[in-house]
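Engineer: Residue-level listing of the chains:
Protein chains: 4
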Amino acid sequence: MTVKTGSAGRGWRRMMRNGLLAASMLVPLATMPAGAGQENLTPVVNNGQNLLRFDWPMLRIGTGEYAEGPTGVTVFTFGRKVHAAVDVRGGGPGTVNTDFVRLGYETPDLDAVVFAGGSWYGLEATTAVATAMMDDGYRSGSWDNLALSVGAIIYDLGDRRLNEIYPDKKLAQAAYRAAKPGEFPVGAHGAGRLARTGGLFGCNAASGQGGAFRQIGEVKIAAFTIVNALGVVVDREGNVVSCHKDKDWPAGLKAADLLQAMPDSRKPDWKGLRTGKDERRNTTVSLVVTNQKLDQAELERLAVQVHTSMARGLQPFATIFDGDVLYAVSTAEVEGDKGLPSFDLAGVAGEVMWDAILSSVPQQPVAPKPAKRAILKADQVSALAGDYVFSDQVKVSVTAEGDRLYAQATGARAAFAVKKEEKVELLPVSDTDFTIPGRYPFTARFAAPGVLVLNPGEWQQVGRR
Amino acid sequence: MTVKTGSAGRGWRRMMRNGLLAASMLVPLATMPAGAGQENLTPVVNNGQNLLRFDWPMLRIGTGEYAEGPTGVTVFTFGRKVHAAVDVRGGGPGTVNTDFVRLGYETPDLDAVVFAGGSWYGLEATTAVATAMMDDGYRSGSWDNLALSVGAIIYDLGDRRLNEIYPDKKLAQAAYRAAKPGEFPVGAHGAGRLARTGGLFGCNAASGQGGAFRQIGEVKIAAFTIVNALGVVVDREGNVVSCHKDKDWPAGLKAADLLQAMPDSRKPDWKGLRTGKDERRNTTVSLVVTNQKLDQAELERLAVQVHTSMARGLQPFATIFDGDVLYAVSTAEVEGDKGLPSFDLAGVAGEVMWDAILSSVPQQPVAPKPAKRAILKADQVSALAGDYVFSDQVKVSVTAEGDRLYAQATGARAAFAVKKEEKVELLPVSDTDFTIPGRYPFTARFAAPGVLVLNPGEWQQVGRR
Amino acid sequence: MTVKTGSAGRGWRRMMRNGLLAASMLVPLATMPAGAGQENLTPVVNNGQNLLRFDWPMLRIGTGEYAEGPTGVTVFTFGRKVHAAVDVRGGGPGTVNTDFVRLGYETPDLDAVVFAGGSWYGLEATTAVATAMMDDGYRSGSWDNLALSVGAIIYDLGDRRLNEIYPDKKLAQAAYRAAKPGEFPVGAHGAGRLARTGGLFGCNAASGQGGAFRQIGEVKIAAFTIVNALGVVVDREGNVVSCHKDKDWPAGLKAADLLQAMPDSRKPDWKGLRTGKDERRNTTVSLVVTNQKLDQAELERLAVQVHTSMARGLQPFATIFDGDVLYAVSTAEVEGDKGLPSFDLAGVAGEVMWDAILSSVPQQPVAPKPAKRAILKADQVSALAGDYVFSDQVKVSVTAEGDRLYAQATGARAAFAVKKEEKVELLPVSDTDFTIPGRYPFTARFAAPGVLVLNPGEWQQVGRR
Amino acid sequence: MTVKTGSAGRGWRRMMRNGLLAASMLVPLATMPAGAGQENLTPVVNNGQNLLRFDWPMLRIGTGEYAEGPTGVTVFTFGRKVHAAVDVRGGGPGTVNTDFVRLGYETPDLDAVVFAGGSWYGLEATTAVATAMMDDGYRSGSWDNLALSVGAIIYDLGDRRLNEIYPDKKLAQAAYRAAKPGEFPVGAHGAGRLARTGGLFGCNAASGQGGAFRQIGEVKIAAFTIVNALGVVVDREGNVVSCHKDKDWPAGLKAADLLQAMPDSRKPDWKGLRTGKDERRNTTVSLVVTNQKLDQAELERLAVQVHTSMARGLQPFATIFDGDVLYAVSTAEVEGDKGLPSFDLAGVAGEVMWDAILSSVPQQPVAPKPAKRAILKADQVSALAGDYVFSDQVKVSVTAEGDRLYAQATGARAAFAVKKEEKVELLPVSDTDFTIPGRYPFTARFAAPGVLVLNPGEWQQVGRR
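Those sequence lines, one after another, are chains U, A, G and L. Each residue of the first sequence is one higher than the one before, counting from 1 in my numbering. Each residue of the second sequence is one higher than the one before, counting from 1 in my numbering. Each residue of the third sequence is one higher than the one before, counting from 1 in my numbering. Each residue of the fourth sequence is one higher than the one before, counting from 1 in my numbering.
Don't take each hint at face value.
Examples of chain A residues toward chain U, derived with CB under 8 angstroms [to be verified]:
{"no.": "1", "residue": "G94"}
{"no.": "2", "residue": "D99"}
{"no.": "3", "residue": "K377"}
{"no.": "4", "residue": "D379"}
If you want the ones that stay clear, here's a sample from chain A, every Cβ over 10 angstroms from chain U, calculated [what the hints assert, rightly or not]:
{"no.": "5", "residue": "N97"}
{"no.": "6", "residue": "E106"}
{"no.": "7", "residue": "E124"}
{"no.": "8", "residue": "D135"}
{"no.": "9", "residue": "W143"}
{"no.": "10", "residue": "D246"}
{"no.": "11", "residue": "W270"}
{"no.": "12", "residue": "D344"}
{"no.": "13", "residue": "A383"}
{"no.": "14", "residue": "A417"}
{"no.": "15", "residue": "E422"}
{"no.": "16", "residue": "R465"}
What the hints contain is simulated information worked out from the structure, not anything from laboratory work. For glycine and all other residues, C-beta sits at the position ideal for the given N, C-alpha and C.
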């Protein structure tokens with residue numbers, strides 16, 4: 001993706017030059033109007049450079065993103081109807097058509113699995129894929145040719161961003177129509193565009209979608225997951241893979257340390273860790289696909305075992321604040337007698353899913369350095385003042401007092417650490433970048449005239465005067 | 001609703017004059033372009049004159065219809081979050097967010113129940129209501145203020161009509177915004193716009209949505225149902241309430257006669273009954289609401305008992321070709337100790353639901369009389385010839401041979417009894433109306449220049465040259 | 001069954017002679033020790049003369065009864081492992097191994113279905129059949145040869161009788177070992193030994209187990225049900241089939257009348273009907289068996305549809321005070337392509353089940369005539385006085401005052417209308433029989449020296465001095 | 001437990017003297033008749049010296065064991081009715097009364113949780129506890145005082161032992177009546193008397209029952225589990241805790257190594273590991289109890305989260321060959337507002353459960369040393385010959401040829417590595433002890449005249465001439 005914001009100011013360009021920001025981390029400002037409503041958004045499809053590659057023509061994946069949210073959708077289709085099972089385990093699921101899947105008919109019925117952000121609002125993405133199939137003439141209204149899409153969503157709204165944009169019909173249909181085999185972008189893409197993990201312990205680590213693939217003989221197994229867990233991501237050595245660490249965070253912290261020290265480990269004073277304000281609406285949604293033919297009961301067993309196994313890679317898992325859902329799909333390309341015993345298949349699939357979980361973790365946002373305070377002149381500062389609109393709910397009033405700059409939220413909601421109650425000083429790092437300290441420090445960048453970008457990079461929020 | 005089709009031809013106007021067609025039975029042709037796609041449809045809200053009236057400010061209902069389908073949506077909202085339970089029993093359900101409801105939290109979470117036609121495609125209506133609530137600022141993306149809509153659909157596609165229009169976001173949001181307390185149109189309206197019953201026995205009776213209300217002391221109970229059952233509607237005396245009867249249909253047929261004679265009663269030669277081509281994708285979706293506070297387990301029991309009780313009014317019920325779903329809602333306005341014992345409440349609610357079922361039956365379409373054949377001139381006839389487009393899938397080629405008129409389907413699908421395989425003669429009844437005989441005889445009306453209306457009236461299909 | 005109680009007194013013999021009591025209505029007093037505990041009971045197997053007969057070698061049925069309860073068990077076995085599904089709908093079920101059945105494996109696993117009285121205590125009967133199979137060498141502890149029995153129970157304790165005897169391992173194993181094909185005793189036998197219906201409306205009608213069979217081509221369908229519903233039994237004309245009617249009971253009462261008049265119809269003053277003390281713990285458990293091979297999802301659909309259809313024959317059904325459970329079994333003797341379409345099969349099976357429900361109703365106990373008061377001498381009366389023990393919980397003290405006889409319960413519980421609070425006069429009908437009036441009047445018979453039989457006949461309770 | 005077998009032979013006494021056998025490892029031979037049927041077994045209650053101790057008067061636990069199986073039962077009662085939830089996840093569960101628990105009534109209903117060996121046959125133990133409560137007058141047949149016991153079983157039959165003894169009514173009632181607060185024996189006791197883990201990888205490690213307790217403020221949390229998993233037990237460092245290791249077993253094997261190498265790690269040639277004959281019927285059943293009051297939905301969430309978390313301590317978990325079930329109970333002694341947030345409670349409970357899993361592992365049986373072959377005389381050897389009966393199914397014929405001793409199974413089944421197909425030589429270690437080598441080598445001890453003990457110690461099998 002190229003950076004299109006030619007109007008970016010000097011400081012911003014300097015940072016680019018200095019390599020402090022990679023172009024790939026940025027989204028085009030031009031496509032991000034202030035206060036963006038749902039109507040005029042432009043789908044970005046199949047975004048992401050870190051790709052899982054695999055050889056499986058039947059399995060087609062498309063992702064769609066609205067950078068303005070950011071939020072997104074991930075669509076899985078199969079080229080023909082396939083067998084499916086579902087396992088719902090979280091305390092706050094959002095689902096479509098799971099009741100039909102549970103009936104367990106032996107005939108393949110499923111056309112698509114759709115994961116999206118946007119909480120319950122994002123379920124629009126699921127039905128959208130079915131209607132696109134009808135619109136495109138691939139499916140119809142005939143009862144023996146209906147399109148069946150199932151789906152689930154994650155919670156990526158609330159304090160994570162300054163708007164309420166959700167993955168809608170347009171985005172999901174664009175993602176569906178862009179679906180292709182062999183590639184899956186891992187990290188903060190698709191439905192995992194604004195995922196987070198570790199909120200239970202104040203980590204609030206950036207997360208994303210993960211995928212992994214393994215072939216044993218003729219048997220293919222792929223696992224995909226949108227990792228947005230209340231718990232932390234854990235590797236096979238027991239380490240917490242990602243966490244927004246506090247300065248006093250103990251070194252070499254194991255997941256077992258955090259879990260065993262509950263509930264103390266969730267308190268601000270535990271080993272000096274500051275948990276900040278908990279972000280406690282999560283959900284991890286997952287898909288395991290195999291080409292081995294399984295009867296319906298076996299497929300349900302696969303769903304149960306693999307979903308359960310995820311409690312190793314995400315700790316804790318299936319909490320009351322997660323809405324964890326897993327779909328299992330068999331494309332039935334390989335007869336059972338040429339495949340693996342079902343318990344081997346399930347065991348392996350659990351490991352592929354763990355790999356998928358681990359692959360989901362993106363590079364964490366670079367916390368702004370506690371640099372020496374830059375010296376700005378009063379007229380430089382006053383030129384940045386104004387009311388910046390991020391969305392209907394969020395507005396930030398920037399005011400100058402001498403050579404100092406302050407911000408205060410004036411809309412219905414706060415803008416991260418810029419609160420409504422009182423103004424906060426923006427500490428200058430360069431002539432365009434300022435730091436707002438706190439448990440989760442971030443940058444406020446006056447990226448172009450009239451444009452204020454909070455937390456610039458993959459998860460940036462753009463306001464305009 | 002006023003009739004807007006000023007261009008209607010002579011014969012049509014005469015029929016109106018003669019009272020053969022009530023204005024209320026007609027939909028405005030002007031709003032029904034030929035081959036209508038999903039894009040340019042106009043929602044018709046709160047259509048219908050046969051109203052259930054009730055006094056319950058918290059319970060607001062809106063209906064939306066696309067006359068071109070016809071198909072529709074019915075939206076129930078409650079003014080605040082309410083308690084909900086769900087019971088899924090049919091063999092082909094389409095549902096949204098039932099998994100969340102099943103978790104049974106004691107806090108009220110539900111904002112809306114949405115029923116729609118359009119099979120799985122119509123589930124778009126459910127999410128649409130949630131997003132409208134966010135768009136209107138009533139709900140938001142905050143985790144403690146998310147809009148939760150649940151829904152279910154009926155199958156009203158396939159051979160019932162000549163297009164694949166479904167209730168979409170626009171229609172559902174229009175219905176939601178038109179919702180009002182105290183009124184519910186019964187009959188072929190809302191989600192029951194193109195419902196049918198009795199396909200199992202070849203009845204294919206026109207059906208619709210029903211509602212009933214009862215108050216006992218302070219306790220209010222309302223039941224609503226979109227009756228689209230594979231089985232027949234049965235009253236409390238055991239009679240089949242509606243059926244597209246064949247000429248040899250036995251008099252005074254009881255449901256018990258039909259059921260006990262299965263499988264013979266489903267055969268064309270049973271007592272001279274002709275079953276025709278079965279229409280076998282159905283689904284009845286229902287809602288029972290009370291203002292009595294119930295704990296979650298009691299509310300689930302209410303859902304189970306009332307849903308089960310429907311097996312009396314619809315026989316058979318919950319078949320493999322139905323997707324029956326019932327939601328139960330408590331608005332919790334009346335404390336339990338001021339209400340009814342839960343088994344009394346459930347017993348009464350089952351009766352209210354039976355009343356609702358019975359109220360759903362609309363006046364059946366008048367089968368065209370086997371009148372004396374009208375005499376038309378060759379030029380009259382030839383003026384009607386042409387290719388009439390009903391949708392992308394359905395086209396009818398009308399050809400004149402002397403003073404006779406023939407029709408043949410030339411698109412992807414047949415147009416009712418106008419098949420693709422061979423042409424069928426249109427038997428003239430008047431200078432605009434022709435009859436097509438068969439198990440389900442219907443009228444083909446050249447309603448205006450270039451406009452062919454099949455089955456004119458509430459369920460008409462409009463084609464244009 | 002022959003009457004073995006040679007010691008029966010004069011009056012008792014006279015009633016026999018007069019035809020007021022049929023021998024078949026009596027159980028042998030000799031086998032009924034007073035205060036019978038669970039230890040010394042004698043199983044009575046395959047009791048009952050009113051038999052459903054059918055031709056189906058694979059389906060074997062055995063019943064066992066403890067006359068002392070009375071209570072019983074009904075065991076269904078199949079000669080080899082069969083396919084099974086389950087549908088639990090009642091508000092108070094007692095079940096064994098339904099979780100396994102729900103997993104829906106395509107391999108047949110089930111060995112037996114066991115229904116019993118005794119509420120949760122009666123579940124011992126279910127496991128007993130499995131262990132008998134192992135003991136007999138038919139099944140073993142090898143994982144590929146384990147015996148799988150499933151079961152459910154009805155509530156037949158409480159005020160219905162004066163003891164807490166339950167169907168135990170000994171009884172269930174006796175019934176299992178007595179199982180034979182082709183016969184099923186309908187009425188108050190097996191698990192339906194002390195069933196009741198209509199408690200919701202104060203009917204408290206005697207009930208039992210029902211069965212019906214139908215063959216269509218090669219397809220066999222059998223339905224069995226232990227009818228112990230809170231609701232009333234309803235025939236296909238809508239009549240309440242059995243009810244302990246009050247003297248003012250309205251003539252020709254339809255189920256619809258009762259149901260529509262709820263909650264008033266449950267009140268003592270509704271049309272003069274006296275509801276008495278409600279008996280409100282019920283449960284109807286059922287089994288539908290077919291020899292047609294069905295895949296697991298179809299079998300589950302059969303279970304759902306047939307169970308739902310029972311709401312016609314039992315009104316209301318599946319209430320919070322019922323624990324309704326239905327098992328569906330396929331012996332897979334007839335391949336699906338030689339069988340019926342699954343919806344025909346389910347429709348027919350629903351009717352067979354209704355027939356089964358109707359067959360369950362036994363002849364109601366004859367209420368003692370309000371005869372002219374018999375004249376007894378004081379020494380006759382005083383000879384009957386004494387403390388009669390019915391069980392650990394129930395004792396009745398009979399005292400004479402002149403030529404009058406009184407009774408009062410002195411144990412932990414009342415003995416029907418013989419309460420603990422005050423003595424009640426026993427009104428003499430003959431020199432051995434006395435009447436106790438009330439909502440449910442019954443006879444107290446001094447059947448032999450030192451033996452007091454309350455409610456003599458099929459459901460009698462025997463106390464001894 | 002004292003050793004009562006005074007008739008033990010010389011060699012046996014010498015081993016005792018030499019400390020090769022601890023007295024605590026032995027069960028009294030006197031109570032173990034050969035070919036023991038189910039009838040004459042003597043319950044051993046509250047056996048075990050390794051006790052979890054905890055302070056919680058309401059929570060009472062009793063265990064019962066039949067040494068002859070060995071097999072056992074563990075009973076949990078609460079002194080009053082408590083709230084319960086259940087989570088069934090395994091592929092082969094055996095359960096009683098879970099359907100009732102799922103209805104989620106807010107009133108406490110549960111009296112007891114019963115875990116047992118004996119596969120489905122062992123479910124007799126669950127109903128037995130309810131009937132004992134009635135027999136003892138603690139509960140009754142009154143509908144408001146019924147005893148509700150729920151239960152689940154593990155598979156401890158098949159090749160693990162030489163008989164089919166199961167935990168029966170007598171054993172369960174003995175355990176119930178022996179229940180006491182504050183103590184829980186961990187290891188191979190109660191329902192975990194003959195548990196195994198790791199069969200998936202050929203480990204077949206001895207296992208047992210585990211328990212752990214934690215108190216936070218007023219909130220008590222206890223976890224109990226009968227660990228009989230197909231997978232391996234894993235500690236928080238990722239180590240496989242117990243496995244019957246082959247001589248070539250790689251050192252320091254992590255669970256992750258085994259799992260990631262599937263399916264290769266299950267093959268005999270993987271890193272030289274010999275998997276032997278897989279033992280693949282398992283099941284882990286668990287209970288988590290808290291004194292914090294939770295509403296029903298929260299309690300269900302607790303069940304789900306804790307059960308899911310067990311996938312860390314048992315890998316893989318919830319496979320098709322497990323029948324994993326977890327019950328969650330709240331005694332409601334501490335109001336919610338004085339307790340922990342439900343997600344904290346669930347997180348902590350998951351850790352307590354992991355501790356319970358780890359505590360379940362008993363000391364593994366000592367594999368007989370590959371000692372220098374002892375020299376026995378021919379008459380010594382011939383005195384040991386004879387037919388030893390272990391059960392109806394298993395008989396071992398011991399024959400002498402010169403100074404060599406051979407064994408061959410002559411009943412319906414093999415006796416571990418003593419097969420039916422051919423005789424195996426018993427290699428002398430002492431004058432009473434012989435070794436049978438193989439993947440799972442074990443000792444055959446002529447423990448007393450006419451008594452052959454296979455695998456002497458906690459899991460011994462006793463045969464008699």
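Engineer: For each hint, tell me whether it holds in the structure or not.
Structural biologist: To see whether the hints hold, each was checked on the structure:
1. G94: 6 angstroms, holds
2. D99: 5 angstroms, holds
3. K377: At 40 angstroms from the nearest chain U Cβ, K377 of chain A fails the 8 angstroms test, so the hint is violated.
4. D379: 39 angstroms, violated
5. N97: Since the minimum Cβ distance to chain U is about 6 angstroms, N97 of chain A lies within 10 angstroms and the statement is violated.
6. E106: With a cut-off of 10 angstroms, E106 of chain A remains clear of chain U, as the shortest Cβ separation is near 13 angstroms.
7. E124: 4 angstroms, violated
8. D135: 8 angstroms, violated
9. W143: 4 angstroms, violated
10. D246: 24 angstroms, holds
11. W270: 25 angstroms, holds
12. D344: The claim holds: D344 of chain A sits with its nearest Cβ about 30 angstroms from chain U, beyond 10 angstroms.
13. A383: 33 angstroms, holds
14. A417: 18 angstroms, holds
15. E422: 22 angstroms, holds
16. R465: 24 angstroms, holds
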